[in-house]
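**Student:** Sequence:
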Amino acid sequence: MARWVYTSKIRDIDRVIRWTAIRHVMKKGIKERNLLPIRDELSGMMAEEGLDFLTPVDRKGTVLFRFHNPRASGDSLIEDPFVKNALQKKGISGTQILSGEEMLKEGKTLAEKAALRLIPTPKAKPVEKLEERSGMVLKSGHPVVDSKGEVLGVLIGGVLLNRNYEIVDQIKNTVFSKEIGTATIFLGDVRISTNVIDKEGNRAIGTRAMKEVQEQVLEKGVPWIQRAFVVDDWYITAYEPIRDIEDKIVGILYVGLLESKYAVMKEKLILFFFLFSMSGMLVALTVSFLLSWKILKK
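Sequential numbering of the sequence shown, starting at 93, is according to my numbering.
The set of hints was computed from the structure by calculation and includes no laboratory data.
List of simulated lysine to aspartate or glutamate pairs, EDC-like, C-alpha gap at most 20 Å: (1) Lys182 to Asp339; (2) Lys205 to Glu141; (3) Lys340 to Glu307.
All chains, please: the whole structure from these sequences, using the hints.
**Tutor:** Quick look at the structure:
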């Protein structure tokens, strides 16, 4: 179910980019290099659909402009796998990691949102790095094609997951519907989106996965389905790798239940079934006694 929520968001983004790429204003704007109408008409759409970045690219892979940083144009994205595929008329969507420099090109505000201070975390693998500046994005790329079927360029766009809690909260509400359930998206082994709460009552972004989880899921690509130490307590957990469109493991998708609360629920459930069974036995004994009494009276 957690994976379904994650991939559903990717499909939603893909739908928006695909339909935007075939709009007349996009085709005309790229063909005539008249980009102002594109910016004017699509700014509202970006806000409505919750996109963090939207970038038209010409047929050579050159950036025409970036919505949140219009001056950052003219650089080449020809090696970007989303652009590469779209230039071959293959629309594609999925997960991608953007470096700190790439995040800055998309805009200072977005780069600041992506940057996370790493929090020392018990049982995590030791690292020297103090900050994570990369961003994990859900992204889609589709060709912009003219009436003759010739590729004019590409439209790419998507959503930054760092400090974006839509998916993890939807997973929690869908899978658990109770306070005991938690969900997290990791970039590498760093929590970038989570509803795991730390001792200060804040979302535990910047904390890291347990060393054994990191080695099994990130390095070996094997899901972890057992108890694990999460931030500052033990949980019943399930971790699975997140892969980019080139099948490289770039992060982790996690769901878990606080073990102490799970144990309390388990004890209550056992007590309930015990009392239920005892009640059933008591009823059965009472009925048996009454039937025996009637038979003896005869």
